[in-house]
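> Read off the chains here:
Number of protein chains: 2
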Amino acid sequence: MISVEEAKHIILNSTQDFGVEEIPFIKSVGRILKETIVADRDFPPFNRVSMDGIAIDFNAFQKGQREFKVEGIQPAGSPQISLQNSENCIEVMTGAVLPKNTNAVIRYEDVEIKNGVARIMINEVLDFQNIHVKGKDRKVGEILIEKNTIISAAEIGVFATVGKSTIKVAKQPKIMILSTGDELVAVNDKPEEHQIRRSNVFTLVAALEHLKIESETSHITDDKPILKQKIAQFLNDYDVLLCSGAVSKGKFDFLPEVFDELGVEKRFHRVAQRPGKPFWMGETNACKVFAFPGNPISTFVNCLAYFYPWYYKSVGVKTKEETAILTEDVTFKPNLTYFLQVKLSDKFGHTLATPIKGNGSGDLASLVNADAFVQLPKTEETVYKQGEVFGIIKYRL
Amino acid sequence: MISVEEAKHIILNSTQDFGVEEIPFIKSVGRILKETIVADRDFPPFNRVSMDGIAIDFNAFQKGQREFKVEGIQPAGSPQISLQNSENCIEVMTGAVLPKNTNAVIRYEDVEIKNGVARIMINEVLDFQNIHVKGKDRKVGEILIEKNTIISAAEIGVFATVGKSTIKVAKQPKIMILSTGDELVAVNDKPEEHQIRRSNVFTLVAALEHLKIESETSHITDDKPILKQKIAQFLNDYDVLLCSGAVSKGKFDFLPEVFDELGVEKRFHRVAQRPGKPFWMGETNACKVFAFPGNPISTFVNCLAYFYPWYYKSVGVKTKEETAILTEDVTFKPNLTYFLQVKLSDKFGHTLATPIKGNGSGDLASLVNADAFVQLPKTEETVYKQGEVFGIIKYRL
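Sequences listed follow chains A and B, in order.
This note's numbering applies: residue 124 is where the first sequence begins, and numbers increase by one.
This note's numbering applies: residue 124 is where the second sequence begins, and numbers increase by one.
It should be emphasised that the hints constitute simulated quantities derived from the structure, not laboratory data.
Incorrect hints may appear among the rest.
You can't tell identical chains apart in this list, so a pair holds if it fits in one copy or across any two.
[As the list claims (entries may be wrong)] In the SDA-like style, the derived pairs of lysine to any residue whose C-alpha atoms are separated by at most 25 Å in a straight line are: (1) 257 x 305; (2) 262 x 483; (3) 400 x 126; (4) 297 x 152.
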């Protein structure tokens, strides 16, 4: 049995690059950018009017002139016009190119226009006021978005602005999610008394959807030859197998044997943690295998605590550790890392973690009442104190 | 001009119920649950073995018996068998029904099995140990998931478990996102010097995708009759119009007039905030109109600060306010609410907000460097101090 830290270390040393694909920019939210986005021109690309009003020659104002004949209009989207007479003005619209020979914009609120003459009602005007100067935000060629960014709505706007209608993103691994266990029936079926419905695979499908990974699912009964045959095929066809169940000490927990017989190199089996101790991990050249214990909370927390970091490192993303403050003492005697369900709340900029009482790793419904796990490290002490800070793994937005 | 608080108040009093639809449970992540999910049977549905090992009659152990002949096997997924002789035992697997006439499970680690006889190697065994008792987590009929929950992977597993292959969720509003402005060209086009590419509508599409709302986009040139004709159609065909641009004081900012002429009842125009002051909001019986100013950051922050809360309240979700601690003094003189871009970080359970220097509401690229806005309230003071706590609006996961 290895520690959580060792298990993480092994997994993070076993990451894999799945390559790059090009997709429409508008489909890329949540994907990982695999190119550097640079400014295709200056930002803004011209001296841009930033208030509706009039554009003047600042020198005329400086010399005391307050009334300016309106010489023309410069709307947004029109080619630049020129102020012909420096004692006149041009009406300008937000987003327009600043007219030639002008260098200050006075907003409509500070101007009175009558009979084609604009009178400026204020006494202070600054050189270049209300002008967003060409190249002020970014120069052509400057980096706007770094490679390996997780794409959000903010990046989508930038892609559009620089004309990237398609972008390069990390290809997603091809993943099969596999359940075993003769007690499981389909969601549509009515279980006999000794049966339950399949649920873990769907939790995993949803957890992968959060990473924008589409996955497939399959169920195999606890029959070793069938398991072996199907898994041999999956090892060939997929980049990653996520399994749920059949890794503990039961008489029908065939997975570790099957993997061994199929040449999957075991990296570890059993991690000093609760829930999810019987977690098995291994790999072939072509396929990584994460075999999670079958209890619902074990499967879920192992996916979040191990598969997520493995995925993020594989696609080049550096994740930030998040922490929270325990709101009450937690007593836990086993010498194991304890992933405890908590409800998070925010109070004056502090993130508080309140333990949710569940009935152990089988209590799927208790996940609904929580929104994260707090990771309480393996220690000789049995009490984690109120006010102490620990790492958290969130599973809600 | 009204305050941010008044604008929010008006918007939250103008929410709308879009009804309910039934969808496959596996497609429901991020949607809002519109039914109560109850336990269809006890959880667990039977006395469930929670460790691989042997099941015995606890009384026999109590009387000092340590060796038990193995009478049979109870795998997971098999109908319950019975222990025939209370001095024997049954091998049991995790997830199996506890055999009749047994009431304690001793895990394999604490047992030695030789020639069909299991010898218990420990001296302490508890009544009902390693048995997850029928109904312990939830009783049949008990509420598992409340109505109006935002669905995450955790809920997906519960839907599966109780056999809800389809579930009722809030219908999404039908939304048209509309850009105006003659300076805008398509993402695929090469802009002339006085032009820029359309970007706000795509930022909004992505921001709605975050809410699992699919939307459509349209662009209309700054031509009042065309605007009027198209918007009349959109007001008929959509539940919500999100507009970007043409709401300020420019000569071609036709939207407020057009809405007025089309009988859209104005709720407000201009909010005491930066960025995004010229925000216009109104409604007909059938359609809500959020007309955001056209600067990229104005559009984005208004969508997050007003449309998001409007949507969540419309579909029945109570959102939690989030806060963060300013890491440096911020000076801001105008008597306006200031939505300032910040980079969030987490330190010992504290959420820190570090201001990101941008060049005003046109500086789209600066959004990439931040991950939230901090909402600095309108005040006579001009300095918001390091260490003070303010509400935040996040836009990354």
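> For the identical chains here, do residue 262 and residue 483 meet the 25 Å Cα criterion within one copy, between copies, both, or neither?
Close across copies (16 Å), not inside one copy (57 Å); limit 25 Å.
> For residue 257 vs residue 305, is the C-alpha pair at or below 25 Å within one copy, between two copies, both, or neither?
between (68 Å within a copy, 19 Å between copies)
> Is it within, between, both, or neither for residue 297 and residue 152, if the alpha carbons may be no more than 25 Å apart?
both (19 Å within a copy, 21 Å between copies)
> How would you label the pair residue 400, residue 126 (within, between, both, or neither) given a Cα cut-off of 25 Å?
within (10 Å within a copy, 55 Å between copies)
When held up to the earlier numbered hints, the structure conflicts with none and fits them all.
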